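Each step along the sequence shown adds one to the number in this note's numbering, with nothing skipped, and position 46 is 46.
Heads up, some of the hints might be wrong.
[What the hints assert, rightly or not] Estimated spans, in silico, between C-beta atoms of each pair:
(1) 146 with 194: 18 to 28 angstroms
(2) 221 with 251: 25 to 35 angstroms
(3) 152 with 53: 50 to 60 angstroms
(4) 264 with 58: 53 to 63 angstroms
(5) 168 with 231: 29 to 39 angstroms
Just so you know, the hints here were simulated from the structure itself, not pulled from any lab data.
If you're wondering where the values come from, they're calculated on a predicted model, not measured in any experiment.
C-beta atoms are modelled at their ideal positions from N, C-alpha and C, and glycine is treated no differently.
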Amino acid sequence: MRLTLGHLGAGLMLSALATAGAAAQQVTDWSGFYAGIYAGYALDNVAATSSTTTIPPTPAGGSVISGTIGSNNTRIEGVLGGIGAGYAYQHNQFVLGVDGAVHAGGLGKTRSSTLDLQGTDGVDSYTILNTTDTSINLDWYTTLTGSFGIAFEQDWLFYIKGGAAVANVSSQSDSTLDVSATDPAILPLPFPPGTSTASASSSRLLVGPTVGAGVEKMLNANVSLGAEYAFVGLPDATVPTAGLALFGGGGNLTVPMGFHTVKATLKYHF
């Protein structure tokens with residue numbers, strides 16, 4: 001039997017199809033329900049800031065006053081953990097999924113301000129110190145997302161995801177005014193020497209989008225290990241601040257609450 005080019009081409013094609021079929025069989029089937037645990041790190045998308053302004057000696061009534069005004073703003077930065085579950089459906093190499101997860105950690109930020117004044121008329125003196133500290137805490141957040149992934153050989157899965165995030169944000173604000181004077185008559189304030197305090201608190205839900213991407217490796221028939229990045233786009237939080245009547249009393253503070261996360265994932269596939 002003569003071996004023609006046509007026979008050779010057909011043979012090569014059949015060989016290629018057989019090889020492709022064998023490779024396709026090596027792709028892991030990610031279909032089914034799963035549950036997982038997560039651990040990672042969160043970082044605010046707004047940097048921390050700090051500033052101090054010096055008040056030079058300035059005449060005020062019959063005395064000279066000086067001091068500083070300071071502010072300090074921290075950012076969301078810390079570890080987080082969570083649990084979740086979901087379902088995946090695979091067609092060929094394409095994997096569609098839906099996933100829900102709840103996260104918590106020591107996540108939050110603070111806003112602090114300080115007014116420190118000293119005055120003297122050359123004989124008597126006084127000090128005025130007003131501090132206001134407001135903490136904004138991300139108590140927990142949950143996500144519900146859909147995903148699209150591609151399964152590769154050697155048990156790898158790459159995916160992108162997007163959906164919604166819901167978070168509970170609480171705040172606590174405390175303000176303290178300390179006034180002292182060698183002679184109260186020189187105080188340029190309607191307050192007598194002593195300490196005054198005020199406080200305010202709140203708790204509310206925030207809803208925003210979340211998007212991300214990740215990679216997983218199936219370790220055996222039921223367990224996979226992965227890494228995931230996600231941005232949680234929570235809207236700004238408006239929280240009440242404590243304040244004393246001398247300085248306008250309270251008010252609201254608007255704080256950005258969006259943040260980035262990087263997580264390790266460990267999942268059990270049923």
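Hints versus structure:
no.	hint	result
1	146 with 194: 18 to 28 angstroms	violated (59 angstroms)
2	221 with 251: 25 to 35 angstroms	violated (59 angstroms)
3	152 with 53: 50 to 60 angstroms	holds (57 angstroms)
4	264 with 58: 53 to 63 angstroms	holds (56 angstroms)
5	168 with 231: 29 to 39 angstroms	violated (19 angstroms)
Violation of the numbered hints given earlier is confined to hints 1, 2 and 5; the remaining hints are satisfied by the structure.
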